[in-house]
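Chemist: Residues per chain are reported as follows:
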Amino acid sequence: MSNAKSKVNDLLAAINRQTAEPAARAPKEEPVPQVSQADEKPRKRQDRPAAPSAGKKPKSKVGKAVQFWMHDEDTQLVRELSAWLAGQGVRPSDSMVIRAALRYAKTGNALLEAYRQASKLDGRLKQD
Amino acid sequence: MKITLLAKKGGVGKSTVSILLYEAFRQAGKSVSIHDWDAQGTSSKSLELIHGTKQPGKTDTASIVIYDTPPSLDHTATATAVRSADIVLVVTSPSPADIWEADDAVRFAKAKNPKASVRVIFNKVRRATVLGRLVDESAKQVSVPALSVTLSARECYQHAVAQGWKALDRAAREEVLQLIVALLSPSVETTYSPQTTQYQQA
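In order, the protein sequence lines correspond to chains A and B. Counting in my numbering, the first sequence runs without a single skipped number right up to 245 at its last residue. Counting in my numbering, the second sequence runs without a single skipped number right up to 496 at its last residue.
It should be emphasised that the hints constitute simulated quantities derived from the structure, not laboratory data. For every residue, glycine included, the Cβ atom is placed at its ideal position computed from N, Cα and C. Hints are not guaranteed to be accurate.
[As the list claims (entries may be wrong)] Derived DSS-like pairs (lysine-lysine); straight-line CA-CA distance at most 25 Å: (1) 324/B / 223/A; (2) 434/B / 404/B; (3) 324/B / 434/B; (4) 339/B / 223/A; (5) 124/A / 434/B; (6) 404/B / 124/A.
[Stated by the list, open to error] Computed far set for chain B versus chain A, every beta-carbon distance over 12 Å: (7) 333; (8) 344; (9) 371; (10) 435; (11) 469; (12) 473; (13) 474; (14) 479; (15) 480.
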């Protein structure tokens with residue numbers, strides 16, 4: 118029984134090793150040799166370390182413009198969400214509201230129902 | 295890491311395998327989520343039954359994401375899941391009809407996402423039967439080597455869909471964990487090399 122348990126535990130440990138984060142698996146950085154003040158020569162401007170920034174923030178990216186069709190009803194929904202967000206102390210753009218809504222959306226029957234509602238307004242799609 | 299379960303036809307056990315992988319990863323202490331893109335919704339129903347919610351834990355930050363796809367290669371969701379996968383696991387059974395479809399699924403995955411690692415798993419294997427004994431031989435029909443680990447036709451796997459990890463006996467747990475170890479291995483351990491097969495020759 119203990120052998121059986123240990124086999125399962127061994128397999129679980131093997132999975133943990135295989136799925137370890139790359140950062141955790143990476144070898145530790147070698148310590149940088151310290152140079153004494155006396156040995157240190159005056160460095161050129163480009164050799165100097167960059168000014169310390171306020172923590173490492175994820176690099177902000179610029180998106181690309183996309184075009185899609187919105188009906189008045191859809192714009193109204195965006196306005197309502199903006200209004201609610203404004204009540205929470207943020208002032209989002211329409212793009213940010215839509216991007217937030219996309220992240221909030223989940224697959225399932227509710228999404229399918231929402232899609233059907235939206236498609237009823239769409240003049241390009243054949244209606245049932 | 296994103297793992298996409300793929301099969302051209304239904305009934306090979308995609309949702310069952312996805313639930314087994316989900317439960318096994320959770321046992322290993324991993325944060326894992328299932329994106330159930332199959333309209334049948336078996337995985338979602340199963341999670342709801344086992345854990346009381348469709349997605350226990352935080353889904354956005356899960357380190358392992360499992361995509362359960364519709365049983366069709368023409369579906370947009372299938373293509374999207376394959377494109378975003380690190381590993382595509384094609385699920386099949388020892389039945390010749392299923393194996394033919396599995397090869398189509400492998401070619402589809404390779405075409406849609408050449409960077410992904412494409413693996414084949416034989417599910418519902420009965421070793422004491424003719425088809426079960428011929429699994430290694432049958433695997434040669436697929437254009438990528440199948441995993442050395444197969445999933446047996448165990449009733450407890452069906453129970454696991456409703457009860458989770460606790461429904462599995464010791465042998466079943468070991469089998470599922472071995473599947474994951476093989477799946478995550480950089481190279482596929484096989485005892486054969488893909489070549490002409492008896493079905494193709496016939």
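Chemist: Any hints this thing doesn't respect? Which numbers, in order?
Modeler: 3, 5, 6, 7, 9, 11, 12, 13, 14 and 15
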